[in-house]
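Below are the chains, spelled out letter by letter.
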Amino acid sequence: MNKIQVFTIAILLGYINLLFAAPPEWNHEEQATWWAIEDATKDLPMRYPFAECGVGQHQSPIDLATAKLNNTKKLNKLQSSYPIDTAPTFFNSGHGVQVNTSLNYKGEIKIGEESYPLIQFHFHEPSEHVIDGKPFAAELHYVHVSDDGKIIVVAAAIDIGAENPTFQTVLDNVPHEPSGKKTDANIAINPASLLPASLDPNDLDFYSFAGSLTTPPCSEGVQWYLLSQVITISATQLDQLKSFYSNNARSSQNINGRVLSSTN
Amino acid sequence: MLIKTIVSIALSLTIVSCFADSGGNDSRPLIDAQKKTQSSSTQNNPQSQSTQSSTSSENSATQPAQDSDTKEKSSMADYCRQYTC
Numbered sequence: 046m047n048k049i050q051v052f053t054i055a056i057l058l059g060y061i062n063l064l065f066a067a068p069p070e071w072n073h074e075e076q077a078t079w080w081a082i083e084d085a086t087k088d089l090p091m092r093y094p095f096a097e098c099g100v101g102q103h104q105s106p107i108d109l110a111t112a113k114l115n116n117t118k119k120l121n122k123l124q125s126s127y128p129i130d131t132a133p134t135f136f137n138s139g140h141g142v143q144v145n146t147s148l149n150y151k152g153e154i155k156i157g158e159e160s161y162p163l164i165q166f167h168f169h170e171p172s173e174h175v176i177d178g179k180p181f182a183a184e185l186h187y188v189h190v191s192d193d194g195k196i197i198v199v200a201a202a203i204d205i206g207a208e209n210p211t212f213q214t215v216l217d218n219v220p221h222e223p224s225g226k227k228t229d230a231n232i233a234i235n236p237a238s239l240l241p242a243s244l245d246p247n248d249l250d251f252y253s254f255a256g257s258l259t260t261p262p263c264s265e266g267v268q269w270y271l272l273s274q275v276i277t278i279s280a281t282q283l284d285q286l287k288s289f290y291s292n293n294a295r296s297s298q299n300i301n302g303r304v305l306s307s308t309n
Numbered sequence: 003m004l005i006k007t008i009v010s011i012a013l014s015l016t017i018v019s020c021f022a023d024s025g026g027n028d029s030r031p032l033i034d035a036q037k038k039t040q041s042s043s044t045q046n047n048p049q050s051q052s053t054q055s056s057t058s059s060e061n062s063a064t065q066p067a068q069d070s071d072t073k074e075k076s077s078m079a080d081y082c083r084q085y086t087c
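If you're matching them up, the sequences are chains B and D in order. For the numbering used here, count along the first sequence from 1 and bump the result up by 45. For the numbering used here, count along the second sequence from 1 and bump the result up by 2.
Just so you know, not all the hints are guaranteed correct.
Straight-line distance between alpha carbons at most 20 Å, and here's what the computed SDA-like set of lysine to any residue pairs gives [stated by the list, open to error]:
hint, chain 1, residue 1, chain 2, residue 2
1, B, Lys227, B, Val304
2, B, Lys151, D, Ser76
3, B, Lys226, D, Gln84
4, B, Lys113, D, Gln84
5, B, Lys287, D, Thr86
Covered by chain D, according to a simulated footprint, are these stretches of chain B (three or more residues, beta-carbon under 8 Å) [stated by the list, open to error]:
hint, stretch
6, 137-146
7, 162-170
8, 241-248
Calculated Cβ distances over 12 Å to all of chain D for the following chain B residues [what the hints assert, rightly or not]:
hint, residue
9, Thr78
10, Pro128
11, Thr131
12, Thr134
13, Lys179
14, His189
15, Val198
16, Lys226
17, Ser238
18, Pro262
19, Ser264
20, Leu283
21, Asp284
22, Gln285
23, Asn292
24, Ser296
Simulated from the structure, these hints should not be mistaken for lab results. Ideal placement from N, C-alpha and C gives every residue a C-beta, glycine not left out.
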């Protein structure tokens, strides 16, 4: 084989690689090997974009029973402000049921002097965080992103109990097809009303710990606030949630010496 | 003749490649102009620029990572609207 033939074959292989380039796909069934998923369009080390899922030391979720609780320092309670969003987007992310807040939405939580706008909230079934190996029926994640890109997730465990009308609005409007989105000017949503009416949004008890995104790329640097209060949905609503996605929860990750802080 | 053939194959593949590239961007709206200028590391690890160290997280449980870039604001929020986060 002469040099021209080798050159031609090299060009052809390069273009074939481009033609078939695609972002790596993942699913919860194969979570044990997320770290090994390859992006064929990248060279090392970016050939393994989800490597942090395997090598990270502060991964989420966790089993709260495996963590030590810092009893010496009590944290201030969370102050959340989740007003009604008049133009939310109901979104089937392909991995879960999600609601994106509108671009001009003013909902946020405050940690000290810093504000963290609410960007979206979504659900997992069963819960991702567990206690002594036991999951709750489901879990709600309020995802906040600060102006400089820091992520805070306020999580609430969901149990079976009273029906939640706001959750029903979510179930009734999220499209069933993956990547489907729906925005309707006549459908508003109040993220705070997912929480029990008895709960004061400006006085929330929680457990806090350092962690990561629970889905690829499992990026760390996420601060978690797991509410002490469990919220409820009905058994029928849980079945409806399962009709979208079931078992879309990551399993518990090694605590690696992390310590929980709390308001209690 | 052989050289002409090689050049014509290369040109036709270039055209096909251009179409393939634009199609890929349509399906990944996060890869906008701003992101293209960033490292591939940032694209695949949206929170990596704010990764906490073990020490800092244990010392201040209420404070998330500190070393983020302000210009990440829109891309990070966009990312979390497009993906589960």
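Now the hints, each set against the structure:
no.	hint	result
1	Lys227/B x Val304/B	violated, 40 Å
2	Lys151/B x Ser76/D	holds, 15 Å
3	Lys226/B x Gln84/D	holds, 10 Å
4	Lys113/B x Gln84/D	violated, 35 Å
5	Lys287/B x Thr86/D	holds, 17 Å
6	137-146	holds (count 5)
7	162-170	holds (count 4)
8	241-248	violated (count 0)
9	Thr78	holds, 17 Å
10	Pro128	holds, 18 Å
11	Thr131	holds, 17 Å
12	Thr134	violated, 8 Å
13	Lys179	holds, 23 Å
14	His189	violated, 9 Å
15	Val198	violated, 8 Å
16	Lys226	violated, 10 Å
17	Ser238	holds, 21 Å
18	Pro262	violated, 5 Å
19	Ser264	violated, 3 Å
20	Leu283	holds, 19 Å
21	Asp284	holds, 21 Å
22	Gln285	holds, 19 Å
23	Asn292	holds, 14 Å
24	Ser296	holds, 16 Å
The structure is inconsistent with the numbered hints 1, 4, 8, 12, 14, 15, 16, 18, 19, although it conforms to all the rest.
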